[in-house]
Structures are given as C-alpha cells and as structure tokens.
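In this note's numbering, the protein residues as written are 1 to 444.
Accuracy of the hints is not assured; some may be wrong.
Stated by the list, open to error - Taking lysine to any residue and the SDA-like style, the derived pairs with C-alpha atoms no more than 20 Å apart in a straight line are: (1) Lys411 - Ala384; (2) Lys411 - Glu383; (3) Lys411 - Glu329; (4) Lys411 - Phe377; (5) Lys411 - Ala308; (6) Lys411 - Arg426; (7) Lys411 - Gly369; (8) Lys411 - Asp381; (9) Lys411 - Arg421; (10) Lys411 - Arg387; (11) Lys411 - Pro307.
What the hints assert, rightly or not - Ranges of calculated distance between the beta carbons of each label pair, as one might list FRET restraints: (12) Glu98 - Arg179: 23 to 33 Å; (13) His127 - Gln413: 23 to 33 Å; (14) Asp59 - Glu222: 55 to 65 Å; (15) Ala246 - Gln413: 49 to 59 Å; (16) Asp155 - His226: 36 to 46 Å.
Worth flagging that the hints you see were computed from the coordinates, not collected in a lab.
In this text the structure is predicted, and so the values were computed from the model without any measurement.
C-beta: ideal position from N, C-alpha, C; glycine also.
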Amino acid sequence: MDPNEARTASRPLAPRRCRRVVSNAPAPDAWPARPTLTESGSAPGAAEQRVTLLIRLDDGPGALESALRPFARHGVNLTRIESRPRRSGTFDFYVDCESHRDDPTIARAIDELSRTTTRVTVLDDRHVPWFPRHLAELDLVAANTLDAGGALHTDHPGFSDAGYRHRRADIARLAQDYRYGTPFPLIEYTAAETETWGRVYGRLAPLRTRYGCGAYLAALDELERHCDFGPRSIPQGRDVSAFLEARTGFVLRPVAGLMRPRDFLNGLAFRVFFSTQYVRHHSVPFYTPEPDVCHELLGHAPMFADPAFADLSQEIGLASLGASDDDIERLARCYWYSVEFGLLRENGQRKAYGAGVLSSVSELERACGGGLPDEAFEPWDPEAAAREPYPITDLQPRYLVADSLRGARTKLQEFCASLSRPFHARYDATRQRVWVDRAIRRRR
Numbered sequence: 001m002d003p004n005e006a007r008t009a010s011r012p013l014a015p016r017r018c019r020r021v022v023s024n025a026p027a028p029d030a031w032p033a034r035p036t037l038t039e040s041g042s043a044p045g046a047a048e049q050r051v052t053l054l055i056r057l058d059d060g061p062g063a064l065e066s067a068l069r070p071f072a073r074h075g076v077n078l079t080r081i082e083s084r085p086r087r088s089g090t091f092d093f094y095v096d097c098e099s100h101r102d103d104p105t106i107a108r109a110i111d112e113l114s115r116t117t118t119r120v121t122v123l124d125d126r127h128v129p130w131f132p133r134h135l136a137e138l139d140l141v142a143a144n145t146l147d148a149g150g151a152l153h154t155d156h157p158g159f160s161d162a163g164y165r166h167r168r169a170d171i172a173r174l175a176q177d178y179r180y181g182t183p184f185p186l187i188e189y190t191a192a193e194t195e196t197w198g199r200v201y202g203r204l205a206p207l208r209t210r211y212g213c214g215a216y217l218a219a220l221d222e223l224e225r226h227c228d229f230g231p232r233s234i235p236q237g238r239d240v241s242a243f244l245e246a247r248t249g250f251v252l253r254p255v256a257g258l259m260r261p262r263d264f265l266n267g268l269a270f271r272v273f274f275s276t277q278y279v280r281h282h283s284v285p286f287y288t289p290e291p292d293v294c295h296e297l298l299g300h301a302p303m304f305a306d307p308a309f310a311d312l313s314q315e316i317g318l319a320s321l322g323a324s325d326d327d328i329e330r331l332a333r334c335y336w337y338s339v340e341f342g343l344l345r346e347n348g349q350r351k352a353y354g355a356g357v358l359s360s361v362s363e364l365e366r367a368c369g370g371g372l373p374d375e376a377f378e379p380w381d382p383e384a385a386a387r388e389p390y391p392i393t394d395l396q397p398r399y400l401v402a403d404s405l406r407g408a409r410t411k412l413q414e415f416c417a418s419l420s421r422p423f424h425a426r427y428d429a430t431r432q433r434v435w436v437d438r439a440i441r442r443r444r
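Kindly produce the complete structure, drawing on both the sequences and the hints.
Listed below in structure tokens is the structure:
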C-alpha cells in the first residue's frame, strides 16, 4: 500500500499518550467581526440580485441596440446577453440584469421594452445545487466531514489505540470549532508526533530533491527558512497559511477529516484549502489510510505558493460551484490526476507536482524513478482525466504529465468551459464573495 493515500475530499490523524491541545488565540473580543449567516445559509450582502429577461425581436439593423436603450436610460446594468435565432425570422435574447423583481427601476425598463419589442418575459431563476457565495459560508460545509471526522475503521493503524483515538478527537474538535474570522488553532504536538513527522521528513528529503518540480523545491526552501519546516518540529498551520496568503492568496483552513468532493472542491474557488492537523499513527510512519498533516504540509502546502498552481486549483474550485453531480465527479478526477498525482516534464525529465506523489516514498520512486514503462505516462488531458477512474488504496497505475503548470491550467480552463452550467462564476477576493452573471437559486 502507498504511504500517503490522498483523497479527493480532504484530510486527517495523531499518537499514543494524550497531550494537551492548546490554542494561543487572542481573546474573542480581539477577533475580526464575521458576517452573521441567515437561516437560508447566506451571508447578508453576499449574493448579487439578478433578473433574467427573454426579449423577442424582429430581425433588422439596429434592433438590439434599440432594445438595450431602456436599460441605459434607467441605469440598469447588464451582466450577460445571449442570442438565439428562431425559424420565424425573429431573435430571442436572454438578458441578465443587476436588479431584483421588485425593483421599480427594472419595472420601468420592462414597461418601456414591452411597447417596442415583440415580447418581454421575466424568467424564473435557474435552480442549481447549493454552493457557498461568501467566504463565511464555508462554515456551513466545513463541519460536514465523513464519519464526523472522528470514527476510525477497524483496519486503521490507530483503531485499537485508545490514546491515539482520544488525541485525534481533541484535534478534530479544534477544527470543528473554527469559524470564519477566528484565529487558526495552534497545536502543541507531542514528542511522538514530532518523531513521526521527522522520520517522514527525513525519508522524503533525498527523493523530493531528486524528483520534485522546480516550483515545489523553491517554495519548500522558503518554508524551511520562514515557517520552521524541518525534521525537528511540525510547522503550525497558521504560519504556513500566512506564508501562502502573502504569495498567492491561498490559505489553509482546519478541517476534522475527509469531506465530500463537492464541499472540498468548493473551498478551492475561494482559494481555501481544507487541511487536517493530526499526525498519522506512529507504528507505521510511512503509511496512512487518509491524508494527515505530513501529506498536507509536505505535499500540498509548497505548491500553493506557486501562482500558476494556485490558479489551476482555483479553476477546479470555480467549476465545481453549482455543478451537477456528474460534473463534480469529473472535476474530482481532474483534481486527482493533477493536484494530487500530477507530473511535469522539466528539462526532459519527469518531476512531481502532485501532493500524493510528493508526500509518498513509494509514489516518488514509482512515478519518477523509472519503475514503470513509458505506456504508464500520458500527456495531461483533462477530458481524458475526467473519464478515468482512480485507485484510492493502491499505487497509481498511470500518471498524466503536463509540459508546464501554466499549460496545465490553460487546458483545464478549456475543459471547465465545456461543462454544462447555467451561469458563469468568478471570485471577488476583495469582497470575499463569488460573483455570478445569471439569476440563480441555490437549492439544498
């Protein structure tokens, strides 16, 4: 079995003797204010109002220009226009406006349109699967971990270790209590946990130097100098998160365990990576059945300091917002074959950029050390990746190799644009919210 089996949802673990879990957080009154979530699960002011109109026009020069004048006269901003020809020689235009149904301004524009066009209809909102619109709404999905983030299966190395299970529960509780705007919880790691981390760190060191991509090695060097990365201590997620945010805007968010793919991918849209803080069981330091802090910090964290990789990850996240269940599965596979197990070709050699490879001795040797035939390596193709199932508990049988991170992102953008979704979304980092161009209604 592979040392670090990274799941497409999120991550977890810890040791034998329980040790106090501490948080050096300031007093609550020093925390930044956070939006209050409404009963419908939205942050006030987090979602733009939209109205979608169907406008039918006769074909002729200047017809559309004339139809748009009422919007300009009444100060109604348009976010999207889509045209569809009809057999009768008329055209249907679907127009999305920044307004709401009860706004007298849009009512006046519609009244004027109705006197100069063949037809004007206010359409119902498009219903899509619920997704967070504001950064604060990640609070609503972060607690939805599989098995509540605490249960261990009977084949887990720590299943029979009561101390380990108690320790894991303590760390999970800190993640479950975390909310938007509060400080990242600090963990006082035990000597046994630090020893396990050190063994993993030291065993991976020569392999990642040989097989890690340039972006990974450059970021790891900075992390070692600025965030206490090294074999003698486990870095704090708070410090690593601040380091990443200063470079690419990506942050870590504590989570108790594995999450549903939809919830996990949604976080990437906000440049948020859900990250566990516990350590794998000390009895098998080079194996964990689920992601842990070794996988998160030694595999994922350095790559999020690279702008191209950060953008690639966010592309997957943005495409997941309001996506169908089938498209979530396709995107999860793209995530797996890139963010988790992706390879790059640098100077004619295969180098790792995926966290599942970078945090695994066996995967590094297998993917980059010449242990597989050439047929096991194919060019990065999101369309092909989206159709390819993947093993979770075994070594990977095949890998997708990109020419560059920017090229990988471009191909991913093209794939995401081909997915069927009734709106376009982008993230407004200044306002910490997702902007959409259509009138939609999120359904639970």
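To see whether the hints hold, each was checked on the structure:
1. A threshold of 20 Å between alpha carbons decides the hint, and for Lys411 with Ala384 the separation of about 11 Å falls inside it, so the pair holds.
2. A threshold of 20 Å between alpha carbons decides the hint, and for Lys411 with Glu383 the separation of about 9 Å falls inside it, so the pair holds.
3. This hinted pair checks out: Lys411 and Glu329 have alpha carbons roughly 18 Å apart, not beyond 20 Å.
4. A C-alpha spacing of about 17 Å is found between Lys411 and Phe377, which places the hinted pair at or below 20 Å, so the restraint holds.
5. The suggested pairing of Lys411 with Ala308 holds, with an alpha-carbon distance near 13 Å, which does not exceed 20 Å.
6. The suggested pairing of Lys411 with Arg426 holds, with an alpha-carbon distance near 18 Å, which does not exceed 20 Å.
7. For the hint pairing Lys411 with Gly369, the CA-to-CA distance comes to about 27 Å; that exceeds 20 Å, so the pair is violated.
8. Taking the CA atoms of Lys411 and Asp381, the gap is near 7 Å; set against the 20 Å cutoff, the hint holds.
9. Restraint check for Lys411 and Arg421: satisfied, since their Cα atoms lie roughly 18 Å apart, inside the 20 Å limit.
10. The straight-line distance between the Cα atoms of Lys411 and Arg387 is roughly 15 Å, inside the 20 Å bound, and the hint therefore holds.
11. About 16 Å separates the Cα atoms of Lys411 and Pro307, which keeps this hinted pair within 20 Å; it holds.
12. One distance hint, 23 to 33 Å for the beta-carbon pair Glu98 and Arg179, holds here, with the actual separation near 30 Å.
13. A beta carbon spacing of about 26 Å between His127 and Gln413 agrees with the range 23 to 33 Å that was offered as a hint.
14. Restraint check, Asp59 to Glu222: a C-beta distance of roughly 60 Å satisfies the suggested window 55 to 65 Å.
15. Between Ala246 and Gln413 the Cβ separation comes to about 25 Å, which falls outside the hinted range of 49 to 59 Å.
16. Between Asp155 and His226 the beta carbon distance is about 39 Å. The supplied range of 36 to 46 Å therefore holds.
Of the numbered hints listed earlier, those contradicted by the structure are 7 and 15.
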